[in-house]
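First to last, the protein sequences are chains A and B. Position 157 (the first sequence) corresponds to 156 in numbering that gives the first Met the number 0; numbering is contiguous. Position 117 (the second sequence) corresponds to 116 in numbering that gives the first Met the number 0; numbering is contiguous.
Calculated directly from the structure, the hints in this document are not laboratory data. Any given hint could be a false lead.
Computed footprint of chain B on chain A; a stretch qualifies when at least three of its residues, placed anywhere within it, have a C-beta under 8 Å from a C-beta of chain B [stated by the list, open to error]: (1) 76-83; (2) 86-97; (3) 253-264.
Everything numeric in this text was worked out from a predicted model, so none of it was measured. Beta carbons: idealized from backbone N, C-alpha and C, even for Gly.
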Amino acid sequence: MNQTAVSVRGLTKRYGDVRAVDGIDLEIGTGEVFAILGPNGAGKSTTVEIMEGYRERDAGEVSVLGIDPRHPTRLWRSRVGIVLQTANDTAELTVRETVRHFAAMYPSARDPDEVIAKVGLTEKARTRLRQLSGGQRRRVDVALGVIGHPELLFLDEPTTGFDPEARRQFWELIKGLADDGTTIVLTTHYLDEAEALADRVAVIAKGRIVAEGDPATLGGRASAQATVSWLEDGGRRHVETHTPTAAVLDLTARFDGEVPELTVTRPSLEDVYLRLINPEDEEGRK
Amino acid sequence: MTETVASPHAGAVDGAGIGRLPSVVASGWNRAAVETKMFFREKDAVIFTFSFPIILLVIFGSIFQGELDGHITVAQLYTAGLIGAGVMSASFQNLGVGIAVDRDDGTLKRLAGTPMPRSAYFVGKILSVLALSVLEVAILLAVGVVMYDLNLPSAPGTWITFAWVFVLGITASSLLGIAVSSLPRSSKSATAVISMPFVVLQFISGVFIPFTVLPEWLMRIASFFPLRWMCQGFRSVFLGEAGASLELAKSYELGRVALVLGAWIVGGLVLCLTTFRWKGRRDG
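In isolation and in its complexed conformation, chain A is listed as follows:
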């Protein structure tokens, strides 16, 4: 499928004098898992909330499933699932009561018990939300996000505050939804999350997109120079090169065998990311 699920052109949003979103363009295809990556305050949540129809924009064109979210219809709402960043509502209801309550709002909801099973809360179905852990609570949020059988699911920083195991389980859940054909737009400030889940990533910094693409090649990561490093005369030596294999062969010849403490590294996604969101560090003071 090559249809467009979300299309954003020249999106701008100001809070007072601050340009929270400063001219963002995005194109997200149907069935794609798209991650919006960026530090806190970069404009991720504002961008997503405009797409969700929660926030007004100052300028730009936005189309989500063919509708301008500025004027959401009930039918459109039934096709879009939203997992909020923080929510503590229906604390006195049980998991099953909550999921059933929301199921009744949609024209073609999924089976509540199946959704509860899918998010791994079957054993907690009779527990009140107040008594759930943070991770379990987020699973309820996901259950409510997908109960209406959405074509498009928004996840705003879904795993903030998770322990590593809970995060892995959550990723499996999201991958399962993506395999079902749901288009997923998620914001995160975790690089490993974007790398694990997303087909495509956009990095936002100071309200602008500074890079966009496959997480494996983001910011020229795949073609970046590798660093060959070794120990010589009591100090570390570094060489940056496009041909690290040749460099290692040279060193092997020079040392006539084992090179002391040899390493060959390429920039991690984190290196690329930090360079993208802090270009000043590379360019020096402006």
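On the provided structure of chain A, position chain B as indicated by the hints.
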């Protein structure tokens, strides 16, 4: 996951092949059931809402015994006043605090993101307030009858008056409660912000202290607000003809009661439509 509907994704695009969107009535009923269930599970809120007027009736009924002129018992007087206060507590205070909490804990934001018609939220709130108020009034009347020999009126016309004062009063107070829910900055301050004006109103509207002993400027202030008129309407029900002479105008002024409560319904509706926020302050 098994698909409950054949190819819902394709169907949803052209609107065919998917179920129908639930109606406002069904959605409102869905909300009312959940609201009422949640209310009764929140034990502190239940106690706060119900016990307040009942405890006061017990206290006042025990302190002040005997009759006023015209064979009106003090219990009758306080039952009428506290039904007014009880209805306002179940509607104004309950909604004012409850909606501020809903705004703060994400309830409103989440509901706004679903296809639920927004009016269903208010239908649910009002139906649940109605249920609570009926229960509150029933308990107050039972306490009055059992403990303080309250004589319930027998004339059907009196109960018709009771019904319309109850409905107009609860509607006006609910709309006001919805409107004031936007005032507290967070759910933490909501109880204090909403309770203060309510307590003041009870003192100046003839709930605790007979309206006629108030200084004129306080009477004027109280006459702006619905509680004074609700209490006056309820007094006409429970004190009967004999009590009319105790009123400021030597009559219950039922026409005026209807007029003021009706005006508050219109004003409250306008206030709600213009000031209601679906988002919390930190949501921008």
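(request) If any of the earlier hints don't hold here, list their numbers in rising order. (result) When the structure is compared with the hints, only number 3 turns out to be violated.
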